[in-house]
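Just so you know, the protein sequences line up as chains A and B, in that order. Per numbering that gives the first Met the number 0: the first sequence = residues 0 to 331. Per numbering that gives the first Met the number 0: the second sequence = residues 0 to 331.
Which chain B residues face chain A? A few, computed with CB under 8 Å, are given here: (1) Pro52; (2) Pro53; (3) Val55; (4) Asp85; (5) Ser112; (6) Gly312; (7) Arg314.
Read the hints as simulated data drawn from the structure, not as lab findings. Just so it is clear, the structure is predicted and the values come from calculations on it, not from any experiment. Every residue gets a Cβ at the ideal spot worked out from N, C-alpha and C, and that includes glycine.
Number of protein chains: 2
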Amino acid sequence: MLEGALDVAAIGNAIVDVLAHTDDDLLDRIGVVKGVMTLVDATRSEEIYGALPPAVECSGGSAANTAAGIASLGGRVAFIGKVKNDQLGGVFRHDLTSLGVHFSTAPANDGPSTARCMVMVTPDAQRTMQTYLGAAVELSPADIDPAIIAAAEITYLEGYLWDPPAAKQAMLKAADLAHEAGRKVALSLSDPFCVERHRGEFLTLIDDHVDILFANEAEITALYQCDLEAAVRQTRTKVEIAAITRGAHGSLAVCGDRVTLVDAEKIARLVDTTGAGDLYAAGFLHGLTRGRDLGECARLGGICAAEVIGHMGPRPETNLARLVADAVLLQM
Amino acid sequence: MLEGALDVAAIGNAIVDVLAHTDDDLLDRIGVVKGVMTLVDATRSEEIYGALPPAVECSGGSAANTAAGIASLGGRVAFIGKVKNDQLGGVFRHDLTSLGVHFSTAPANDGPSTARCMVMVTPDAQRTMQTYLGAAVELSPADIDPAIIAAAEITYLEGYLWDPPAAKQAMLKAADLAHEAGRKVALSLSDPFCVERHRGEFLTLIDDHVDILFANEAEITALYQCDLEAAVRQTRTKVEIAAITRGAHGSLAVCGDRVTLVDAEKIARLVDTTGAGDLYAAGFLHGLTRGRDLGECARLGGICAAEVIGHMGPRPETNLARLVADAVLLQM
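Required output: the full structure, derived from the provided sequences and hints.
Laid out in structure tokens, this is it:
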């Protein structure tokens with residue numbers, strides 16, 4: 000049972016990541032496209048896994064990573080997503096709930112196993128992802144608990160969720176419920192290939208349902224099929240707030256006529272970019288729910304993203320609330 | 000099917016590690032003894048897991064870590080141990096076989112799940128382990144493939160394997176087969192509490208079956224119930240070779256009247272001591288099978304141990320063959 004108000008309800012594919020260091024040769028050999036997320040079926044997933052070196056398993060999933068980040072920042076957050084009642088489903092559940100994330104979506108008792116994403120990290124710290132959606136495709140409108148959506152200031156949806164067909168309806172239901180309750184809806188575009196798969200539907204979704212949009216440069220330009228400047232002009236007429244990340248070039252927050260540019264945080268070392276966008280969204284959303292201005296939101300996003308790219312894996316290894324407090328102290 | 004000769008056949012509990020950063024307070028709160036390995040049942044295992052922060056899963060098991068290390072050094076190695084035919088069993092199998100380790104032990108199709116060890120790493124880099132043996136207790140003499148033992152120059156047994164009752168018989172069978180084939184038998188004492196649980200039986204096992212003994216200072220003094228000097232005197236009459244590790248003080252190799260002292264390798268950072276003893280054994284055994292003298296064997300052990308304590312997790316993240324080659328070049 001959910002008690003009290005929430006800052007954010009995050010909805011996404013519930014996925015366990017299988018992280019391996021690889022070189023570019025291996026990507027070529029198994030024929031995968033570098034830097035993006037590709038969906039694979041169970042057979043292809045086994046084939047790729049068989050070609051990978053020893054790996055490490057840890058909980059992932061884009062919106063789930065964002066939920067973990069918000070919890071680590073001290074925010075109140077729920078996650079909605081589908082695992083199976085299997086070992087990796089138990090791992091996913093533990094890793095979220097142990098952070099204090101409310102996670103009450105019933106697991107599937109039969110059908111495909113908990114989703115797995117093979118994340119291949121190359122020496123340039125780029126990540127290439129091959130996802131077997133498994134039980135995540137079972138997420139349906141029945142899993143959207145109206146009490147959770149009504150309790151949350153912002154309902155956050157990942158674009159990847161547009162891939163499993165029933166989840167699409169779940170997202171629309173959640174967006175409707177949020178707006179009926181006078182709440183905001185945020186969307187992450189997730190991946191340029193994901194945008195290309197669903198471009199028309201994403202444009203309609205954004206027009207009709209989205210208040211806050213997260214994208215990186217490749218995604219926003221794929222969406223509007225133009226350069227960044229033109230994409231910024233488009234987006235300001237479509238959503239209330241847009242946050243556009245540009246890797247080492249920082250990010251920009253767009254709100255009506257105002258565009259706020261924020262530099263990237265300095266980092267000690269770049270190890271693995273997995274989760275960078277997810278943790279940026281965590282920091283930005285946490286700032287918004289705490290009434291910070293957009294520049295501060297973007298900076299919070301940058302601090303959280305800088306933490307997660309400094310180590311392997313898509314979730315923070317540091318207490319983000321403390322990290323953010325330290326960063327503010329350093330500025331004084 | 001095994002083809003050709005092997006350097007080492009390693010026999011041990013097949014375990015997936017659940018690694019979490021914790022503080023000493025959590026250890027106190029859940030009432031676990033710091034620095035050692037404790038066996039827990041399924042209920043207690045769930046209870047402790049519920050109290051842990053987010054964790055990472057990776058393949059472990061003492062002798063399996065040693066096998067992974069030997070493979071990474073370029074040695075030919077087989078592992079014998081029992082997983083269940085479940086998700087974590089698949090993870091364990093992948094992580095060994097992808098290194099080229101021969102692993103043909105049939106998994107259990109029913110009964111308890113694949114073994115899990117919760118490894119709590121405190122800020123001082125110490126690890127405290129709570130192990131649920133699960134399917135590992137199903138290992139029995141029938142799983143010891145005589146062809147593998149006969150093919151291996153050294154059969155390496157972990158002391159932890161003395162805990163599951165049928166595995167004890169499997170170890171004795173393996174030792175007998177090895178000696179019948181004119182091969183050597185090595186044993187790791189594993190853990191001081193493990194030594195205390197089985198002291199009398201370990202003394203007999205060593206007398207009757209062991210040629211090469213691995214232990215740290217706490218284990219060897221627990222075995223002979225005396226100080227290190229006296230323990231060294233005892234051990235030289237019992238086994239052909241003994242390798243005794245002393246953490247930051249390096250290690251000593253004992254062979255008859257000769258005692259060779261080797262300093263510990265310099266390390267850039269100490270993160271997690273999990274796997275230190277296992278990887279020391281990997282380096283030492285690899286040296287032995289390559290005909291190196293005991294000082295070189297101990298140094299190889301030290302280099303491999305230094306790699307594994309520089310990061311989280313009990314298995315090498317670096318190609319050890321390359322690391323060792325670099326270390327030798329640096330000396331020239």
